[in-house]
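Peer 1: In order, the protein sequences belong to chains A and B. Here my numbering runs 2 ahead of the position in the first sequence, where the first position is 1. Here my numbering runs 2 ahead of the position in the second sequence, where the first position is 1.
No lab work stands behind these hints: they were computed from the structure. Only a predicted model underlies this, so the values are computations on that prediction, with no experimental measurement involved. It is possible that some hints are incorrect.
Because identical chains share one entry, a pair is satisfied inside a single copy or across any pair of copies.
As the list claims (entries may be wrong) - Straight-line alpha carbon distances no greater than 30 Å define the calculated BS3-like cross-link-like pairs of lysine-lysine that follow: (1) Lys396 x Lys291; (2) Lys513 x Lys157; (3) Lys613 x Lys291; (4) Lys157 x Lys250; (5) Lys212 x Lys97; (6) Lys231 x Lys595; (7) Lys212 x Lys157; (8) Lys212 x Lys519; (9) Lys97 x Lys248; (10) Lys396 x Lys380; (11) Lys396 x Lys250; (12) Lys14 x Lys595.
2 protein chains.
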Amino acid sequence: MSIMEPDLHNLKISDPFLGQYQQLVRDVVIPYQWEALNDRIPEAEPSHAISNFRIAAGQEEGEFYGMVFQDSDVAKWLEAVAWSLCQQPNAELEKTADEVIALVAAAQHEDGYLNTYFTVKAPEERWTNLAECHELYCAGHLIEAGVAYFQGTGKRQLLDVVCKLADHIDTVFGPSEGQLHGYPGHPEIELALMRLYEVTQQPRYLTLVKYFIEARGTQPHFYDIEYEKRHGTSYWNSAGPAWMIKDKAYSQAHQPLAAQQTAIGHAVRFVYLMTGMAHLARLSNDESKRQDCLRLWQNMAQRQLYITGGIGSQSSGEAFSSDYDLPNDTVYAESCASIGLMMFARRMLEMEADSQYADVMERALYNTVLGGMALDGKHFFYVNPLEVHPESLKFNHIYDHVKPVRQRWFGCACCPPNIARLLTSLGHYIYTVRPDALFINLYVGNSAAIPVGEQQLQLRISGNFPWQEQVKIDITSPVPVEHTLALRLPDWCDDPQVMLNGEAVSGSIDKGYFYLKRSWHEGDSLILTLPMPVRRLYGNPLVRQQAGKVALQRGPLVYCLEEADNGKSLHNLTLPVASTFTTIAGTGIFAHKVLIQAEGYRRSMETPEQKPLWHYDSAPVVRQPKRLTFIPWFSWANRGEGEMRIWVDEAR
Amino acid sequence: MSIMEPDLHNLKISDPFLGQYQQLVRDVVIPYQWEALNDRIPEAEPSHAISNFRIAAGQEEGEFYGMVFQDSDVAKWLEAVAWSLCQQPNAELEKTADEVIALVAAAQHEDGYLNTYFTVKAPEERWTNLAECHELYCAGHLIEAGVAYFQGTGKRQLLDVVCKLADHIDTVFGPSEGQLHGYPGHPEIELALMRLYEVTQQPRYLTLVKYFIEARGTQPHFYDIEYEKRHGTSYWNSAGPAWMIKDKAYSQAHQPLAAQQTAIGHAVRFVYLMTGMAHLARLSNDESKRQDCLRLWQNMAQRQLYITGGIGSQSSGEAFSSDYDLPNDTVYAESCASIGLMMFARRMLEMEADSQYADVMERALYNTVLGGMALDGKHFFYVNPLEVHPESLKFNHIYDHVKPVRQRWFGCACCPPNIARLLTSLGHYIYTVRPDALFINLYVGNSAAIPVGEQQLQLRISGNFPWQEQVKIDITSPVPVEHTLALRLPDWCDDPQVMLNGEAVSGSIDKGYFYLKRSWHEGDSLILTLPMPVRRLYGNPLVRQQAGKVALQRGPLVYCLEEADNGKSLHNLTLPVASTFTTIAGTGIFAHKVLIQAEGYRRSMETPEQKPLWHYDSAPVVRQPKRLTFIPWFSWANRGEGEMRIWVDEAR
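Chain A extracted, bound-state conformation (with noise of 0.2 Å):
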């Protein structure tokens, strides 16, 4: 079915919330990533990514610096600006990215090829080492950039770079001799030739992901075959010699798609992998390739999935584990696989209309993607546990990768630009455009025009989401539109209700959306009221980590104990299965947000210090009354390094 992108120039984010998260994102972290892309913030790691691009266009002398994939930071960076620059024009930013797209085409070589790292350092090995070296996905995200930077600007010099770029890689690879029958060792170019075939409409770029997506995985292995060729030689050795090639199901190519049955790997590559793979089944109409997406979002999302829209419960391979198998602690839960998954639930919501994608995609956008960023838009975290007792990631090391605070940079940078992107192009997850309805998945406020056949709509929606429960949706059309308007009825919402111009109306429900069609008229209001009571969450009985504990969610946010609200040890305050709730309106850093109290009881002891592990006695640990105060998790650890728990004893 054919289903429209909104043009970001066409909607305009007015949330207060997010709106103030995008206006973060233009005031700062646009800025403050360009000077860390130029190597000049004090105290963070290098990133060194725009003096690769000039030393590959012969403009500076020097050497590679950085990953293998430094390339994509300054493409995602470029992605961040073009969707900002749809939001609001700002000349001076526009005339840097110009500059860095005019330096980008600079480092293309004659036959389009174009990858830092490989012109610098191994102009002979291109195209030799799929499996580790990403120069597909590094050109994956060139190719989003491109795409972005014309849908934002109409300038056609980065788009035109890529395409150039893709026609050279429709020429390397494919199924004819002469080809490599091979594809990425990360997945991400399947997703952006999709956005490209879809602003192009050339189906070379459409054939060439079903070449991609098809070839993966089968027998004899290309990632044997070149390995092979070169001589045994790996670029990835950290954990055992060639152990990325080895580990075939780190990414994804154990097997075909077709055969494959669980959530595995590397999480961001099977959430990229996903997203191109249903998007190319939603184009070509494959219903085969439907059924192995939605077969893997099922395991994915049924059994792999955490509270907080984390995905991937280890930090070996920065991978899923098993079904069930949900570590608070020790998860690794990227930024970036989060980021990935609001793009496999668009990608998911677009091929059918059932709100469990979009559900999914706002756990994940107001709790993971948030958290992954400061509030002051400088700092990043890569790893988002669940529960943080920091004295112990100093000395144990199975918590290696988790960072009590947010880090300024990363030598892997790439979540910081992903949140950047992804925060300045939520106009494309705000709604599903399709033919027959306009589906609104997120209650994010914005004013929009729709094309609807030859008219458009045209729609304002306004509230405070996800601090208030009443979501106004007015119509703006000056002339009537008839159409269907689909509302997503929350799943953590019991008892939501819509008013039509002040009276209560009722409309069908199907698949968690609430369907009204009507002529809209200019003043047309509809008023949607999602009840936000403070709800005890219970893991399921087979998620071994949530045994006997309780969290707390309120509209689609994730709480958290904070040892700054609640003292140290937070595993010892219990929660009371008759508690009730307060919620407060949140002070300084908390300000606009909503916190929450309850009486509980802290378990103690005068001094436990006095007491030995040689020795144990019978008398349980007494407790006392104790207040807790709960915070929106996201908004974890900004006030320096402490303990935190989103799941918490439950006492009787």
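Dock chain B against chain A, hints included.
Peer 2: Relative to the frame of chain A, chain B by itself:
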């Protein structure tokens, strides 16, 4: 103070429980391990340890194979044989051991040097890599074997070999010019030389121990000096280049022992080092070293000890973590570490008659040490978790070190022969033979003759510990002996009672020992009653992994739930605060063991697979009554693979 080590020829174990274990070691373990050392166990990892000696002795062609410390497996086997021969002569076994000793002697160099790895593989590199290469560790085990074989059989050949080896080491190491100012990466030589000193009374051995201990951790650092001499080559690079040299705390060499405040680094190294140091402190009347031992014991036993007598909270470095960080599932708790802990406790007891050391010794023995070996004597644990969820072990790499069932043998096979030598030398731990009193630390059934001045106190301990609460101590000396008996009152027993010849008797109690001085006559009979109700144990509230949970202990035995008795998802079983316990006699592999039953609950849900993780609801998981069966933890995993857990959620 002069402490006499009991002569194991005069100390015959007759314990119904541990006597069976000793018999298992004699009949099964020692022959099985002999087969293993000779690579004759199908499906087990190869050892090659005997072949290495043959090659080093020039009796066979071939290459060295195995760990750099492979020799120590042979030494520990010889030690186990030596102690076993005290208990029960076995001419055939002794002949085999004599042949091994002749082989070891044949592998010794003219100058006394003895190590098959360096002899075969790197003869020029002797004593060039103390930090990493275990030469002194292997020497220590050979010395222990030489002492044991002399004590066990009266034969001097191996003692002479190891004295020659020790003398060689004494020329190589020391403070003089031309000597190496070094010390081992893996302590062991210290405790071994102390034993050699006790047998030979050669002061140079004690002086050498003092040198090794006092040089440790001083600057400029010996490990760095030898590393530079080697031009930066290193043997172990698995955790990064030269990690074992750089991470000096791993070997307790980051600072002088006098400055160290916490149990740190590789747990086996720590307890081996402390065993030697405590022995040295006592025999050299060194108050400062005694204080060092006390301080480090206290940190370990008060803040880093598991309820099972396990130590070493993490796999990385097989190491301690930090105070009160005691994960149940990712723990290391190596079998060897608990054996070393018993050795350390024994030496502390010899310094100070305080039952806390014996309490720890008993906890380690009856839980982790026994648990390290299967009931069949042919399978072993290296790592001893307190909680296992086998399905997660396969996918989540935080569990890579954990095995759900005991293994036949190991590439690094330190644990199996260590368990064998510990069990055959149990007599050394039962008593502390002081001039002023005979201390009974463990209530293991045995008959012993203990020198008291010119006389002998003969006694017999009987009962059925740890299953039954009465321990009988009969005096069997033909002539009266005036002496003090000091009976340990276990920390787990609230109400111990002592009867002498059928009448209640009072004695003085000091630091956990009950003192009774009198003229002991043949036929005198003490009955010590140690009531063993099932005890509910609560963790220190600083240990977050035990919060809200309870463990069961009866006598010294910690109990656990197993899937075989209680079904899957043990995390959903809860034990009510007010539950009562039934002890029942086990059958089958649990014959002669006491099991525990209690009425608890199982949290359940009819079809949890249908409750997807993308949706949470507020309905608490319901619970049904469920009878829980607890088995002694040391006997877990003797019925195949399944879940296991010690700390159980408490229900109100």
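Peer 1: Evaluate Lys212 and Lys97 at a C-alpha cut-off of 30 Å and name the case that applies: within, between, both or neither.
Peer 2: Cα proximity of Lys212 and Lys97: none, with 37 Å in one copy and 73 Å across.
Peer 1: When Cα atoms must be at most 30 Å apart, do Lys97 and Lys248 count as within-copy, between-copy, both, or neither?
Peer 2: For Lys97 and Lys248, the Cα distance exceeds 30 Å both inside one copy (45 Å) and across copies (49 Å).
Peer 1: If the cutoff is 30 Å on CA atoms, where do Lys396 and Lys291 land: within, between, both or neither? Let me know, please.
Peer 2: between (45 Å within a copy, 29 Å between copies)
Peer 1: Quick one: Lys396 to Lys250, C-alpha cut-off 30 Å, is that within a copy, between copies, both, or neither?
Peer 2: between (32 Å within a copy, 16 Å between copies)
Peer 1: Using 30 Å as the alpha-carbon threshold, which applies to Lys157 and Lys250: within, between, both, or neither?
Peer 2: Neither. Shortest intra-copy (40 Å) and inter-copy (58 Å) distances fail the 30 Å Cα cut-off.
Peer 1: Up to 30 Å between alpha-carbons, please classify Lys212 paired with Lys157: within, between, both or neither.
Peer 2: within (28 Å within a copy, 78 Å between copies)
Peer 1: Is the C-alpha distance from Lys14 to Lys595 at most 30 Å within one copy, between copies, in both cases, or in neither?
Peer 2: Intra 23 Å, inter 73 Å, cutoff 30 Å: intra-copy only.
Peer 1: If the cut is 30 Å between Cα atoms, do Lys396 and Lys380 qualify within a copy, between copies, both or neither?
Peer 2: So Lys396 and Lys380 pass the 30 Å test inside one copy only (24 Å; across, 38 Å).
Peer 1: First find the shortest C-alpha distance between Lys231 and Lys595 inside one copy, then the shortest across copies, and answer within, between, both or neither for a cut-off of 30 Å.
Peer 2: neither (57 Å within a copy, 62 Å between copies)
Peer 1: Between copies, within a copy, both or neither: which fits Lys613 and Lys291 at Cα up to 30 Å?
Peer 2: Result: close only across copies, 25 Å inter versus 60 Å intra.
Peer 1: One pair to classify: Lys513 and Lys157, alpha carbons no more than 30 Å apart. Within, between, both, or neither?
Peer 2: Result: close neither inside a copy nor across copies, 40 Å intra and 85 Å inter.
Peer 1: From the Cα coordinates, with 30 Å as the cut-off, is the pair Lys212 and Lys519 best called within, between, both, or neither?
Peer 2: For Lys212 and Lys519, neither the intra-copy (37 Å) nor the inter-copy (90 Å) Cα distance is at most 30 Å.
In summary, the structure is inconsistent with hints 2, 4, 5, 6, 8 and 9 from the numbered list given earlier, while agreeing with the others.
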